[in-house]
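> These are the residues of each chain, in order.
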Amino acid sequence: MIVLFTDFGPSGPYLGQMKAVLARDAPGVAIVDLLSDAPAFDARSSAYLLAAYAPEFPTGTVFLCVVDPGVGGARAALAVSAAERWYVGPDNGLIAIVMRRAGDAQTGDTQAGVPKVWEIAWRPERLSATFHGRDLFAPVAARLARGESPPGDERPAERVRAMAGTDWPDDLARIVYIDHYGNAVTGLRAAQLAPEAVLRAAGHELRRAARFSDLPRGAPFWYENANGLAEIAVNQGRAAQDLGLALGAEVEVVNK
Amino acid sequence: MIVLFTDFGPSGPYLGQMKAVLARDAPGVAIVDLLSDAPAFDARSSAYLLAAYAPEFPTGTVFLCVVDPGVGGARAALAVSAAERWYVGPDNGLIAIVMRRAGDAQTGDTQAGVPKVWEIAWRPERLSATFHGRDLFAPVAARLARGESPPGDERPAERVRAMAGTDWPDDLARIVYIDHYGNAVTGLRAAQLAPEAVLRAAGHELRRAARFSDLPRGAPFWYENANGLAEIAVNQGRAAQDLGLALGAEVEVVNK
Amino acid sequence: MIVLFTDFGPSGPYLGQMKAVLARDAPGVAIVDLLSDAPAFDARSSAYLLAAYAPEFPTGTVFLCVVDPGVGGARAALAVSAAERWYVGPDNGLIAIVMRRAGDAQTGDTQAGVPKVWEIAWRPERLSATFHGRDLFAPVAARLARGESPPGDERPAERVRAMAGTDWPDDLARIVYIDHYGNAVTGLRAAQLAPEAVLRAAGHELRRAARFSDLPRGAPFWYENANGLAEIAVNQGRAAQDLGLALGAEVEVVNK
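Chains as they are written, first to last, in this note's numbering: chain H, 1 to 256; chain X, 257 to 512; chain A, 513 to 768.
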């Protein structure tokens, strides 16, 4: 299975052009659009989303990840193996949180899930300046999905994990996604928060609830969403608008 | 073929997460997004749309239907067999109009299309409070697509059809969908209306036309759309905006 | 591979209904959404986009093209073979630029890519007045994808190319698409422009740059996009809004 994680938006030709390359180079492999509206040009917010979604996919899945404001510049192209899944994308931190968590989770003798990184030195005959998703990352993802090894040289994982920078904590106390229902997803794993933790955002104090139907209409709260992240919602409302929460807004955790 | 009918919106991760489960559990089965912008939280409007679209799909199709404002609450989960197609979704009336029409259409000796209902008692190991589409309905749809029988107990169809409530007539005289071109789809089957029927909506009186090109630019009218529903349009205009028609707006039939 | 090129929009039931026909009639063939937001009702702008995207697809690809404001009227339905790919769609000029360029490119003895046209006389049992994409074009595309020949009679290519009209030049000096990032795509092939060519649009004078990262933040410019078209952008901005460029806006080429 090849899974697409991009900021290309739900319309336009870019997703289709990438999928055509995958269909040509890895015929018969299932292609799944996971997210086409990742925060545009925002590798940091996207990295926490990707790390939250990835674990539910089968081992062997190839994630084709394109949030790539530096396309055409000097950033490297990577293939990463972590927790028995593949990730292909730019070396801008987008895959760094996945790697950090896979590394943290390693215990015992097995080395199966230990993150490994290849820098992709291969270049296609035609490489546009602005669409490496189609020209470079998609052919590599197809190759991995066919069971071949990554083109290029393995390099130490530490250098990639360092791409994340010093302001990329283990959990990101910011709004990283606003969904179709107006819910505001944070980069905080709910399992890292105390049951009585209160989130403070845009001047509101939000307590945890187990589900929407526990609350009166119009009540704001936070809950553990289906991907394990703390998500801010308003019962039968649109939290982002109702509470004034924008992408990137800071969230403070009280009673951690 | 597994057909998705949801109110998840065209973007966001939810459709992709559901499709990944289908690709894992029913590999090789075609997955088709029929509608991802069904009226949000509105099982009634959605039920009339689903019933209009369903008959054109091949027998054996599995419809995975998620318009589910009560997720996490007490509503049951259903697998329904009607007119030789499967439907999986919440017991909130979403499948009730499909069942009613399949039941009405039964004549003669064959019982092939008689609606049957199973209440899904099976629960997955991990069941999130808010995303039964991925955790519960998708695995069941995949199972049906593989040719297996539904998990759970068969129960009388009447109890489900009753979910539709007393204000769910055979045809719904309301706007149930606004499409990309601004056309306003009603819940009325055109075949149930007289040729000279006039629709009255938002203060406008609309006559039937066979096709757009029969009318002058800017003229409002109604016509039988490609799914058999009465649809309100303005030639080379956007009916919803031009006539002030919102989702849920009432439509009155004159000269029925 | 069957590739969809439509103005149906990213949501709504129309794409899914077409794909269900393809999945039924050409099972196992990969279906790729290339563009679902082609300029609505605008066959001319769409024709230049289609001609820019098509060459990168493998030979044998079937393009199902539906930008069809005249649906239900007198326009013919076509199957076109050009440069070893198939195109199915309305006879309104949508396929004319593809044909013109395939014809222009013919040299030497091989006739493989010479455009040929069939007028589709076949009609399905059920043909709605408003949705030929599902009822007529999709079954024909599936038939071609199965390797069968087009239904109907071959006719001279000249008659189709004439559909393009006299105001359809080889390159269209207008904005033909605004993408998700706000970039404004023209109908001009960059390879036809001098390196020092300047584009004048909405009162702005734009010079060519090789890539976004060559320019200061907020600087407007044009560049050769990944499909060979001249595209107007603002580094880290949204060109359409920042420069006041709408779909269809004229572009003047200086220093051609």
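Just so you know, these hints were derived from the structure itself, not from any lab. Note that CB positions come from ideal geometry on N, CA and C, so glycine has one too. Please note that a few of the clues may not be correct.
Said to hold, decoys possible - Derived Cβ-Cβ restraints for the label pairs, each shown as a range: (1) H:Glu158 x A:Glu660: 52 to 60 Å; (2) H:Arg123 x A:Gln704: 45 to 53 Å; (3) A:Pro581 x H:Arg155: 39 to 47 Å; (4) X:Asp360 x A:Gly540: 35 to 43 Å; (5) A:Asp754 x X:Arg402: 49 to 57 Å; (6) H:Gly28 x X:Pro314: 36 to 44 Å; (7) A:Glu666 x X:Arg379: 53 to 61 Å; (8) X:Arg402 x H:Lys116: 55 to 63 Å; (9) A:Pro567 x H:Glu158: 55 to 63 Å; (10) A:Pro636 x X:Trp378: 38 to 46 Å.
What the hints assert, rightly or not - Chain A regions said to be covered by chain H (calculated; three or more residues, Cβ under 8 Å): (11) 559-569; (12) 583-589.
> I'd like to know which numbered hints this structure contradicts. Please list them from smallest to largest.
2, 3, 6, 8, 9 and 12
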